[in-house]
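Peer 1: Hey, can you work out the whole structure from these sequences and the hints?
4 protein chains.
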Amino acid sequence: MHARKLRMALIGGGGAGFIGRVHAIAATLDHRAELVAGALSSDPAKGRAAAEAFGIDPARAYGSVDELLDREAGLPADQRVDFVSIATPNHTHFPIARAALQAGFHVVCDKPMTTSLADAERLRELVAETGRVFVLTHNYSGYPLVRQAREMIRQGELGEVFAVRASYLQGWLHGLDPDRPPARGAWKSDPDKAGPAGALGDIGTHAYQLARFTTGLLPAEVAATLRSFVCPQPLDDYGHVLLRFQHGAMGSLTTSQVTHGRLNDLTLEIDGTKGSLAWRQEAPNQLMLRRLGEPTQTYERNPNAAYTSPAGRAACRLPGGHPEAFFEAFANVYRDGFDAMLAHADGRPCDPLAADFPTVLDGWEGVAFIEQCVASSRANGAWLPLTAGDSRGTRPAS
Amino acid sequence: MHARKLRMALIGGGGAGFIGRVHAIAATLDHRAELVAGALSSDPAKGRAAAEAFGIDPARAYGSVDELLDREAGLPADQRVDFVSIATPNHTHFPIARAALQAGFHVVCDKPMTTSLADAERLRELVAETGRVFVLTHNYSGYPLVRQAREMIRQGELGEVFAVRASYLQGWLHGLDPDRPPARGAWKSDPDKAGPAGALGDIGTHAYQLARFTTGLLPAEVAATLRSFVCPQPLDDYGHVLLRFQHGAMGSLTTSQVTHGRLNDLTLEIDGTKGSLAWRQEAPNQLMLRRLGEPTQTYERNPNAAYTSPAGRAACRLPGGHPEAFFEAFANVYRDGFDAMLAHADGRPCDPLAADFPTVLDGWEGVAFIEQCVASSRANGAWLPLTAGDSRGTRPAS
Amino acid sequence: MHARKLRMALIGGGGAGFIGRVHAIAATLDHRAELVAGALSSDPAKGRAAAEAFGIDPARAYGSVDELLDREAGLPADQRVDFVSIATPNHTHFPIARAALQAGFHVVCDKPMTTSLADAERLRELVAETGRVFVLTHNYSGYPLVRQAREMIRQGELGEVFAVRASYLQGWLHGLDPDRPPARGAWKSDPDKAGPAGALGDIGTHAYQLARFTTGLLPAEVAATLRSFVCPQPLDDYGHVLLRFQHGAMGSLTTSQVTHGRLNDLTLEIDGTKGSLAWRQEAPNQLMLRRLGEPTQTYERNPNAAYTSPAGRAACRLPGGHPEAFFEAFANVYRDGFDAMLAHADGRPCDPLAADFPTVLDGWEGVAFIEQCVASSRANGAWLPLTAGDSRGTRPAS
Amino acid sequence: MHARKLRMALIGGGGAGFIGRVHAIAATLDHRAELVAGALSSDPAKGRAAAEAFGIDPARAYGSVDELLDREAGLPADQRVDFVSIATPNHTHFPIARAALQAGFHVVCDKPMTTSLADAERLRELVAETGRVFVLTHNYSGYPLVRQAREMIRQGELGEVFAVRASYLQGWLHGLDPDRPPARGAWKSDPDKAGPAGALGDIGTHAYQLARFTTGLLPAEVAATLRSFVCPQPLDDYGHVLLRFQHGAMGSLTTSQVTHGRLNDLTLEIDGTKGSLAWRQEAPNQLMLRRLGEPTQTYERNPNAAYTSPAGRAACRLPGGHPEAFFEAFANVYRDGFDAMLAHADGRPCDPLAADFPTVLDGWEGVAFIEQCVASSRANGAWLPLTAGDSRGTRPAS
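Each protein sequence line maps, in turn, to chains A, B, C and D.
Reminder that position 172 of the first sequence reads as 179 in the numbering used here, one-by-one numbering, no gaps.
Reminder that position 300 of the second sequence reads as 307 in the numbering used here, one-by-one numbering, no gaps.
Reminder that position 233 of the third sequence reads as 240 in the numbering used here, one-by-one numbering, no gaps.
Reminder that position 167 of the fourth sequence reads as 174 in the numbering used here, one-by-one numbering, no gaps.
Hints listed in this document are in silico derivations from the structure and should not be mistaken for laboratory results.
None of these values were measured; they are calculated from a predicted model.
There's no promise every hint is true.
Which copy? The list can't say, so a pair holds if one copy fits it or any two copies do.
Straight line, CA to CA, 35 angstroms or less: simulated DSBU-like cross-link-like pairs of lysine-lysine [unchecked claim]:
hint: 1; residue 1: LYS12; residue 2: LYS53
hint: 2; residue 1: LYS200; residue 2: LYS53
hint: 3; residue 1: LYS12; residue 2: LYS281
hint: 4; residue 1: LYS53; residue 2: LYS281
Peer 2: Now the structure itself:
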């Protein structure tokens, strides 16, 4: 069925965080890829030591990204890695992704893609130039019912979408001790590493992408009010963002990493002229459809139900009632990337800027979103223009 | 125990709406009042005809408010009504309340209190002058767990409150046929009757009052973006409001009467430095307390539980698990008013501007809130000052 | 609309329990009755003292049931009470109800109706003889969505019902101190007062009635396993009951008053060949309908929705989203009784054994259920025959 | 960290079912095993064709189980598979498992383990004789919060457990067309392949194992009432099972594959003298702890929370709020098996009958449970003795 397993190199993941491990599991869940190389830490010794836990052959456990790219590029085509997955702090995404693309590898990259729009722009150009696949791990877009929601909206089941509300609440910043460095996540509070935004960049970009991904609405203006209530550094840990989309629809995003006891509480609500949808990441196997005067419909993630859309069905691995969750959604984003990489390898059409999964354009949009939100907040919440990446014509508002 | 039943007159309630019936049931639920008189419609014949269904003696079923006030004022003290409850469209609240206060009656009034701040100011003055009890039916503040939330915050259980989010979603406006008058609620879409705001006045004022009531935070500034997506008249049916409270706390309110399938979905989330709370009106018997690293605590409305605060306990009529709901919460607001009326009757201290239940000051605040939101929205969401009624010193932020 | 208010006498309610207060509120919620007399305690002084809190004129606050019946019977027809509500410990239900019926009054009685089937049989005969209305307060049958469920089943929306599961879990017995008498509910653990069953009689009869009421299934056999894990007296506090209905359907009931932290957790699940229903008393405003391959449908208690059945609609007082709860359900049972009492007063047809609300027949069934369960449990869970009251022909299985 | 990847052979999985794929994903999720061989179908051609989709080298895609065992046993020790996973219809479990054990392989086997107790007994003996690891995939015991529940009970947090209730509801049998063979699952309705029980064997054994696993209670007697409401064959599709445990605790199990719209609705409720627990497989990241008079505690699957027990923490791969689900729970059972297999390989102590994960003893218990339930149901629900496997002394009731 799948001609060969793609070969993966992991950048980062050797520290205390969990996201490197997520990449390793998600990428290989369907046995379509194998993790064969890594530069798992900025500390070469640490990186090499971590390789064993990832099952990486010591010979391909590199001490640095440069070494990895250089050595892998020198391997025969049937041995060298096909793609690198970047699971490092934000400020390193750009140089690593740039180098990987220039070395001819496909790239899978965490968000936010870069810490400046100029860098994001450069990556967009590089992807266009190299034609390499670029996957941005907006993993929440991989949930089957998120894809079902998008498809329902595209099919007009909600009528015209006029409002979208996303809320992303966490509380972990209350656990930071200002007097000592945290075991992990420390860089998220450090502007030099995280970029110009805190919670907004870390989780707000997911919420924004999810709103864009599902509704297809094109942004026009943004107004933001960001606050730092608990964060020991001058980065936002709480914020309200309002959006004006083209043709009049409204959006709102709430981000918090200081709401006690919330874990990863991402919710999405979409209002259309014919119905409304609600979804919550922590209960991802249900999607609520409401229409005035009708019973609330709870759609289950259920590949065998007639109400499940083709895209929703394709994103499932298990029957309904056998819950799927975070790893599988993450794996779905990888899976889409793999299809594109194989198409590229086979010489089939594969425009990395026209893909249906999160790409460098989503990355560009996320960085543009951050920059305008930060600017708006500094301007006392003034409305500032916000534009979409140019591929968005492929996702027209329904 | 209760020396005597208070005598109630109902203004409005004879039409297709349900709120007049709610007043009649809530006010008498505890047998502390009896409904003895009414002017149930602006149409005298209709009003008299409706009286029977309310069990009102035809002799006291009046054709107009003026007639009611005049005739009742002329009755002996042991027969005439003690208070009038105003359940009429917004634009009539002011003249009726003013006349009732001037005639010496206590007043229970629906929200928003008036359609202009000048009128609200006048009522505040009148209450101060007459010393009559004035209850504004912000009925959601009567829920036992809302009162528990307030008491927990006052006791410092959340630490310092730095954010409050309220959301109030309905969808009924999708049911309006633009080509024919609706059976009920028509006036809510008519600026001449509803006042300057639509959903914001109808439900947003509840959400604002609830945020103020529970947190005790004092407002400083407001920014609003209001929209009319479905409403056939030029009133808002959807909106986002941001609040800056004194000392830096943030607030957000979302109002919608155009979210398909939502019925009366009022939610409240409060963030403090030591914990966060969440409550939902449609499941009012549970209150969620969250703290980082601890299990989520679900407080039940349960007068027998040690965790229930005195105010929460006092607001209960049934043991836990025997759910209480809308009527009982509404009745709790009445009950507080009755205590004040009896204190007034007995010559005990009773400052109608210092009461712990929603008063003319809440009414004033609601109207000020509406006016500044509408002004802000017209000014492209600019921040405008927002002030509290002057009694708010009695509700300091914890 | 309603020609006159019915006059109510309350028996019991003067102690620490809450059910007397529930009767007083529920019966008068719609202003169709007024509480005018009472014998509120077996202790005359205590009963008279309690009368004031209930708003009962001291002149009609009687020291005993006999006094009440005697004196009220002697009053002119336009003054004497129409009905007596019996809110006393189980063992007194029979003598009070018998005396009230014989004195010509309608009766509203708590469950279980009697402590022996012989007594239940005698009451059934008395109701037939006197023609007086007899309402058994199986209050959970008054919830709008319970009535909707019954109507949906009658209409065949579930196809043929083949299974029903009820579970009724409480935990309050863990709070009893075996070394001291409890403030209230003590009699529930005393076989002399509670009858032959503990939890089974107190809550199991509700669950059984609800299963019978909604499905209309006619019982054939029962097998029970009862336990006493915590109860200081030899009464069951935990039990499993299986039912075989006529034509092959199965039923199961679980009762517990020793499940820590459960308050009043009554759930009902019904399986039919075309769909299944689920309802939970602590969230009574929602009813779930499931069909294979379709989204779960959440029916809201919503009088304005087209999906609401006439019986469901008639049981509502508020629009959807404005939750109704325990009192209103209880009041619905009273309301049905009032209709019958007024029909009786007007000489309209009123067969007290053919009514659509819980009657003496439900009471008889409940006692029969208790006796056979206790007998089965003593016989090591053997299947024993179980019969329906003879009115059940009016509730055919769909 | 992990010395080497274990080599896996998969038996079955080449048909329309999903469980073979689940084994393939779960076993390799943590990169501790690799799928290298398979006999994926009883149809050799079909089995070989399916191998590619599983990434199995055609050279090790065998046409039959015998061929697989024979050929693998002949490979050098550093190439041949370590274990075989059996994902075939019930009636084939025994011969395959027996042959695999006899050939020296570890075994991972679906439930129910065999279709007769004699066969189960034989497998138990074989495991004792061969010393090979035998894992029964009672995958629900792999959920982190199920393990947390077990550990809480072992620690005495619930006091003495006196009751356990499990319910396992599905509805898929309504989708079977009696006139044509189903695409998959057909054998589940065929007594020759499924064994003496239908739903009871397919899902009831999971529920029983879960009750045993979490509470550690030792069974004494069982009474069952099984029905076939929809199943086209004479196997149960609905049933109620009561359990008497040693020392007096009660248990109840409800199984249904004919409850419309239920997907895989397995719930567990446990009552102790100090608290009660509730868990639901379809929302597996939450566990509810209730104590009289205290707020309900919702434990999240959260490795970073202090309230999480060591066993719960060890079973997590992601932070709280990043939901884990079916695959990861399944993988946890594999993980435990891998530890034992590696211990075996290293010559460390490894008693396959004393393991803390589901073993051949759970399999034996499940088959004994089925046989006694079927016998009881045929004897009109009589109580019959039920015994535990002999390792259960390692799981004392708390």
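Peer 1: Have a look at LYS12 and LYS281 and pick one of within, between, both or neither, based on CA distance no larger than 35 angstroms.
Peer 2: neither (44 angstroms within a copy, 46 angstroms between copies)
Peer 1: From the Cα coordinates, with 35 angstroms as the cut-off, is the pair LYS12 and LYS53 best called within, between, both, or neither?
Peer 2: both (28 angstroms within a copy, 22 angstroms between copies)
Peer 1: Checking LYS200 and LYS53: alpha-carbon separation at most 35 angstroms within a copy, between copies, both or neither?
Peer 2: within (20 angstroms within a copy, 53 angstroms between copies)
Peer 1: I want to check one pair: LYS53 and LYS281. Are their C-alpha atoms no more than 35 angstroms apart within a copy, between two copies, both, or neither?
Peer 2: Classified as neither: same-chain Cα gap 55 angstroms, cross-chain 37 angstroms, threshold 35 angstroms.
Going through the hint list in order, the structure does not satisfy hints 3 and 4.
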